[in-house]
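Residue numbers (my numbering), protein chains in the order written: chain C, 999 to 1333; chain F, 999 to 1333.
Calculated directly from the structure, the hints in this document are not laboratory data. Certain hints may be false.
Any copy will do: because identical chains look the same in the list, a pair fits if it lies in one copy or spans two.
To be verified - In silico PhoX-like cross-links for lysine-lysine, where the CA-CA straight-line distance does not exceed 25 Å:
no., residue 1, residue 2
1, K1050, K1266
2, K1255, K1139
3, K1255, K1275
4, K1190, K1082
5, K1153, K1329
6, K1275, K1329
7, K1290, K1329
8, K1255, K1266
9, K1329, K1082
10, K1153, K1196
11, K1190, K1206
12, K1290, K1196
13, K1153, K1266
14, K1082, K1095
Number of protein chains: 2
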Amino acid sequence: MAARIALDVMGGDQAPDATLRGALLACAANNPRRLAPERVLLVGDEAVIRAKLAELGASTPFPIQHASQVIGMAENPAMSLRSKPDSSIAVCVGTVKKGAAGGIVSMGNTGAVVGAATLGLGTLEGVRRPAISVTLAMTGKPVTVLDMGANREAKPQDLVQFASMGSVYMRDCIGVESPRVGLLNIGSEPSKGTDLLKEAYPLLEAQKERLQFIGNVEPNDLFQSAVDVVVTDGFTGNIVLKLMEGFSAFMLQAMMKELSAHQATWAKEALGNLRRKIDYAEYGGALLLGVKGVVVKGHGRSDATAVANALIVAARTVDSHINEHIIEGLKAQAV
Amino acid sequence: MAARIALDVMGGDQAPDATLRGALLACAANNPRRLAPERVLLVGDEAVIRAKLAELGASTPFPIQHASQVIGMAENPAMSLRSKPDSSIAVCVGTVKKGAAGGIVSMGNTGAVVGAATLGLGTLEGVRRPAISVTLAMTGKPVTVLDMGANREAKPQDLVQFASMGSVYMRDCIGVESPRVGLLNIGSEPSKGTDLLKEAYPLLEAQKERLQFIGNVEPNDLFQSAVDVVVTDGFTGNIVLKLMEGFSAFMLQAMMKELSAHQATWAKEALGNLRRKIDYAEYGGALLLGVKGVVVKGHGRSDATAVANALIVAARTVDSHINEHIIEGLKAQAV
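Can you build the whole structure from these sequences, using the hints too?
Next up, the structure:
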């Protein structure tokens, strides 16, 4: 049987409603990419899960793994992981560690998910640091950016590993044959940017037999379909991610205000289309690459569709054996 | 007489057309904030300027300072400054150095303007590094962000100075009495972010008698009117600036596509309104704070309105004696 995906039913702003609806959607008969229900392991308070499934009128035979505790969205990650050893997040990680599942999907507390997965699962052979990888799909052509915030700072060698992991993901899971890799910078010349970037540039160039490094890219290139994998340190990546979230919300709201005077329903629909286009939930959220297992962290505000996408991405990622390919890639790379 | 503003007529994608039209607009009788024409010193090829003014049918008595060379938008800044000592940018800087002007407005090559001004004018007493300061006005409440890219890297003490310079600018030139200062970070807790930020945080807190430091702010806060001055290193600031430019262009284009099917003129107008709102040219572009003089660097693609705004901002900034206040502020601060 294909490996299970442990779903943190209790995580996210709309849990357990959105998570359970998402599980149902991922397994729905009319979903062309549907998963078998026995692949989705529901993790959380068993009584709550059974009551909610009954309320939704669902008789889908999901396996359930009880977890008695919940880590809140705003709790301190390190402290809550220590004080709540039976949290749904910790139990999800435990199922992967024991081999009862191959991957995790959580919409819960990001720090707790990243912390529990990194410490609980450990890093893959040869991986210096795991990275949060987010695939943006707004131009219609996906671009994967990493690290979006697993680490505060990075060494040049980390960036080279991120390039390798991101390329494997784009090739194996998104189907981009020879992904173009760019280094996020404030100018295209190799001499631009911080010392970190100036040191990483030649290291990436030296990998040209294994990576299609196209040089520095600027933030604008994220919207030009000119690059497939964008590599950056976790601080800059997190700034980029949060700025895009905040700015798109502001732009859509401002646009709505401009258009509202006209009360045209189609204008609202057009804005809805755009909102979906820029929402990276389409690609299932963020992946924590480099740990022993597959970890998908969705946005806290994920709805059922986003949860279903995340489950399907997690399953596809598990099935692609991405981690074996990441280990092979890093061995060949040897930095 | 109030100090002159030297306008680099030859700089920018639409020069000299947009720059000269901008000068005329800044002095137009129907402009409530108009400048006296003798305050605007046109710097560039005198024959070109006179021909273009004649073509525009203008008889405005602008003073003119000839400059025989032009630095292109894509030229290497350091090399072009060495090889073209009589460029319009270098001559603008020269007029301030000699005291013939108090400020400069250029839409030209950013690196060349920053380089020429920093080296040619020198830094103000007590200033460790100048900073590029951009005032965003999209929420209706201006927020000034610095450094947007004058420096590749920063020390904690630089960030404290940026906070001080930005506060003086917001108070003296924008009229915000007690500007709230935030440190751009990926979370609100003082323990968040890079070593640079963790070291800068207590230094900023220690200035609480002189600065209204409100702690860490996240990218989202740029759109919430919750902060007046946002401090960051030049690399991160430049990433933020370029990401906002690229993302807003993408969003507007995508929106236009969504709306175009309906061919409603008002939808186009609404997008035009939004485009103007998010364009920071409203506040005249970027200021290079910390040098001996006032330097306003507008966007290369500035049109006549943006040039006029930049001239008016430059004049207002000169008249506010901001540099004396920056020096006083840094003396009191003493880091």
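Results of checking the hints against the structure:
Neither within a single protomer nor between protomers do K1050 and K1266 lie at most 25 Å apart by alpha-carbon distance, with minima of 32 Å and 46 Å respectively. In this homomeric assembly, K1255 and K1139 come within 25 Å of each other (Cα to Cα) only across copies, at 17 Å, whereas the closest approach inside a single copy is 29 Å. Proximity of K1255 and K1275 under a CA criterion of 25 Å is satisfied in both settings, with 20 Å inside one chain copy and 12 Å between copies. For the identical chains of this complex, K1190 and K1082 are inter-copy neighbours only, at 23 Å across copies versus 46 Å inside a copy, given an alpha-carbon limit of 25 Å.
Proximity of K1153 to K1329 under the C-alpha cut-off of 25 Å is restricted to the intra-copy arrangement: shortest distance 18 Å within a copy versus 37 Å between copies. Taking the shortest Cα distances, K1275 and K1329 never come within 25 Å of each other, neither inside one copy (37 Å) nor across copies (51 Å). Proximity of K1290 and K1329 under a CA criterion of 25 Å is satisfied intra-copy only: 16 Å inside one chain copy versus 54 Å between copies. In this assembly of identical chains, the alpha carbons of K1255 and K1266 lie at most 25 Å apart whether taken from the same copy (11 Å) or from different copies (14 Å).
For the homomeric pair K1329 and K1082, neither the shortest alpha-carbon distance inside one copy (37 Å) nor that between copies (51 Å) is at most 25 Å. Taking identical chains as interchangeable, the C-alpha atoms of K1153 and K1196 lie at most 25 Å apart whether they share a chain (11 Å) or sit on different chains (19 Å). Taking the closest pair of Cα atoms, K1190 and K1206 come within 25 Å of each other only inside a single copy of the chain (20 Å); across copies the shortest separation is 35 Å, beyond that limit. In this assembly of identical chains, K1290 and K1196 lie within 25 Å of each other by CA distance neither inside one copy nor across copies; the values are 31 Å within and 31 Å between.
For the homomeric pair K1153 and K1266, neither the shortest alpha-carbon distance inside one copy (45 Å) nor that between copies (46 Å) is at most 25 Å. Taking the closest pair of Cα atoms, K1082 and K1095 come within 25 Å of each other only inside a single copy of the chain (18 Å); across copies the shortest separation is 65 Å, beyond that limit.
Hints 1, 6, 9, 12 and 13 from the earlier list are contradicted by this structure; the remaining hints agree with it.
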